[in-house]
Structures are given as structure tokens and as C-alpha cells.
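S.K.: Sequence:
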Amino acid sequence: MIERCEHVDGLAPVRPSSDRCESCAALGADVVELRVCLTCGHVGCCEDSPHAHALAHHLATGHPMIASLARGETWAWCYPHRRYFDPSPVPLPRRRSRLARWWRRLARRN
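Per this note's numbering, residue 1 is the first one in the sequence shown, and the count goes up by one each step.
Keep in mind the hints are simulated off the structure, nothing from the lab.
A portion of the hints provided could be inaccurate.
To be verified - Simulated restraints on C-beta separations: (1) Glu6 <-> Asp30: 34 to 44 Å; (2) Gly28 <-> Cys5: 35 to 45 Å; (3) Glu6 <-> Gly28: 37 to 47 Å; (4) Glu6 <-> Ala26: 27 to 37 Å; (5) Thr74 <-> Asp48: 13 to 23 Å; (6) Ala26 <-> His81: 28 to 38 Å; (7) Val32 <-> Ala60: 16 to 26 Å; (8) Thr61 <-> Tyr84: 18 to 28 Å; (9) Asp19 <-> Thr74: 10 to 20 Å; (10) Ser18 <-> Gly62: 15 to 25 Å; (11) Glu6 <-> Leu27: 33 to 43 Å; (12) Trp75 <-> Cys40: 16 to 26 Å.
Nothing here was measured: the structure is a model prediction, and the numbers come from that model.
We put the CB at the ideal spot given by N, CA and C, even for glycine.
Can you build the whole structure from these sequences, using the hints too?
M.R.: Here's what the structure looks like:
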């Protein structure tokens, strides 16, 4: 990882808006990997996916940074500087497992 850039300053923890790329789901498109916007929590598909919705979100909003939602990955990407970085100590958002989502729904019913 490389040094932190000024876009890291002021980042606050965000909650992913979804556990999938909503735009791809609406299109019925396949997703390779998911990325989360570190400004607002928007979840989009990566640039290796057919529609690259995370990049489209950056271009539409100017939000500069994303992180991977894949389990075990701790990197983030700065679009303006076109580089990876370690966002520590900012905690990265995590996608909940299917079991955790099922458990939460079950708990709500009781």
C-alpha cells in the first residue's frame, strides 16, 4: 500500500446501502465484485463487471474513494489519484453474510 492521500482525511465509517449492485439487479446483469463508496455507502459493481456501476457512481457524484466489499480484502482505491491505499484507521464497510442476514430477519419476527 502507499501513503494516504488527502481524500482519506475526513472519511467517516459508512454503511453499505445494499448487499448487491442494485443497478445490475434491475438489469439482470452479472456482477464480478462489489465496491462501496466511502463517502455515501453506495454499492456498485467493479470495473471488471459489464456495467462498472461503481465507476459510474464516481463519475456522476465526484465521490473520490471506494473499497472492496469482498471478505478479507482491506484495500481502498482513490479515483482522482488512481492508486490503492490502506484506509486504516477508518474501518471498512463489510457485507453481511447470508447467515447473518437470515438471523437478523428471524430476530425481527420474534
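S.K.: All hints are to be evaluated individually against the structure, with a verdict given for each.
M.R.: Here is how each hint holds up against the structure:
1. Glu6 <-> Asp30: 34 to 44 Å: holds (35 Å)
2. Gly28 <-> Cys5: 35 to 45 Å: holds (37 Å)
3. Glu6 <-> Gly28: 37 to 47 Å: At 39 Å between Cβs, range holds.
4. Glu6 <-> Ala26: 27 to 37 Å: holds (35 Å)
5. Thr74 <-> Asp48: 13 to 23 Å: Roughly 19 Å apart at Cβ, these two residues keep to the hinted range, so it holds.
6. Ala26 <-> His81: 28 to 38 Å: holds (31 Å)
7. Val32 <-> Ala60: 16 to 26 Å: 20 Å Cβ-Cβ, so the 16 to 26 Å window holds.
8. Thr61 <-> Tyr84: 18 to 28 Å: holds (21 Å)
9. Asp19 <-> Thr74: 10 to 20 Å: Taking Cβ atoms as reference, Asp19 and Thr74 lie about 19 Å apart, which means the hint holds.
10. Ser18 <-> Gly62: 15 to 25 Å: Given range 15 to 25 Å: holds, Cβ gap about 21 Å.
11. Glu6 <-> Leu27: 33 to 43 Å: Between Glu6 and Leu27, where Cβ atoms are some 35 Å apart, the hint holds.
12. Trp75 <-> Cys40: 16 to 26 Å: holds (19 Å)
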